[in-house]
Amino acid sequence: MTNFLLMSHAVLGSLLGLAGVWLFVDVLNAKEENQARIRMMSLIIAGLMWLTYLLAGYFYVVYYSADKALILKGPWTFAHDFFMESKEHVVMMLLLLATCLPIFAYNNLAANRGARKIVLWATGLLILTTVAMEGAGAIISMGVRVALLCK
Amino acid sequence: MKNIEIGKYGSSFGLSFAITSLFSALLVVLKETSQHTVLAWMKAVTPHHWITHTLLDLILFVVLGLALAKANKGQGIKISPNRLNNMIVGAFVISGIIIAGFYLFIG
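Quick note, the sequences are listed as chains A and B, same order.
Numbered per the working numbering, the first sequence finishes at 374, counting up by one with no gaps.
Numbered per the working numbering, the second sequence finishes at 678, counting up by one with no gaps.
Mixed in with the good hints there might be a few duds.
[Claimed, not checked] So the derived label-pair ranges between C-beta atoms look like this: (1) A:Val285 - B:Asn657: 37 to 45 Å; (2) A:Ala361 - B:Arg654: 45 to 53 Å; (3) A:Ala334 - B:Val660: 19 to 27 Å; (4) A:Ala361 - B:Val660: 25 to 33 Å; (5) B:Gly672 - A:Met230: 28 to 36 Å; (6) B:Arg654 - A:Val284: 34 to 42 Å.
It should be emphasised that the hints constitute simulated quantities derived from the structure, not laboratory data.
Note that the Cβ used here is the ideal one computed from N, Cα and C, for glycine as well.
Given the sequences, and given the hints that come with them, work out the whole structure.
This is how it looks when you write it as C-alpha cells:
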C-alpha cells in the first residue's frame, strides 16, 4: 500500500505534466470551437493537482520520516536537505497556480489576448515545475537507495 | 483579438496567488530560522508543520481572493492582464528562488 501511494503520486504528477502540455497547445490554438475543451482541461489539471497533492502529502506526513532518516545517514544528504525541502514547499505554489487555472480559463481565450497570455504562462510554469518535481522525486528515491547500499 | 480585462475573480485570485506565493516562501525562511517559536507553533497546531503551512497558504489565498473580488463596490480590483501576468510569473519565480536559495545556501 505504501509503494502504491508513492507511485500513484508520481504517476499522477506525470499525467499532470501531460495534461499541461495538452492545455498549452490548445490555448496556443484557441478558437471558439475549443473553448469548452480548454475549460475542461483546466479543471482536469486542477483536479489532478489536488489529488496528487493529497496523496503526496499523506505519504510525506505518514511515511517519509523513515526515508528521511535513511537519507541523512547516507552520502546523499542533499537529496533531503535541498531537493525534498525545496520540493515540499514549491509544490504549495503549484497547487495554488493549478487552482487558479480554471478561473483564468473561464474567459473566452479566443477573444481575450490578456487572459490567453496568463493561461499560457501559468500552464508553462506548471509544466516546467512538474518536470522539476519529477526529477527531484527521482533524486530523493536515489538518496534512499544510495543510503541503503552504504549500510 | 482584444487585450481586455479578465474578470473580477481572475484578477482577484491571480493577485491573491502572487501575494500568497511570496508569503509562503517567506514563511519557509521564517519557520526554518525560528525553530523554537514559529516552527514549534506550526508543529503544535496540526500533526505536521507542512499541514499548517498548507492551511495558512490556502486560507490566505481564498480570503484574499474573495476580499479583492469585493473591492471597488463589488466590481473587483482593476488591473491590466499584462501587469497581472507579470505579477503572477514574477511572484512564482521569486518565491521559487527564495525557497531553493534558502535550502541551498542557508538551510
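Hint check results:
no. : hint                            : in the structure
1   : A:Val285 - B:Asn657: 37 to 45 Å : holds (39 Å)
2   : A:Ala361 - B:Arg654: 45 to 53 Å : violated (37 Å)
3   : A:Ala334 - B:Val660: 19 to 27 Å : holds (22 Å)
4   : A:Ala361 - B:Val660: 25 to 33 Å : holds (26 Å)
5   : B:Gly672 - A:Met230: 28 to 36 Å : holds (31 Å)
6   : B:Arg654 - A:Val284: 34 to 42 Å : holds (38 Å)
In terms of the numbered hints stated before, the structure departs from hint 2 and from no other.
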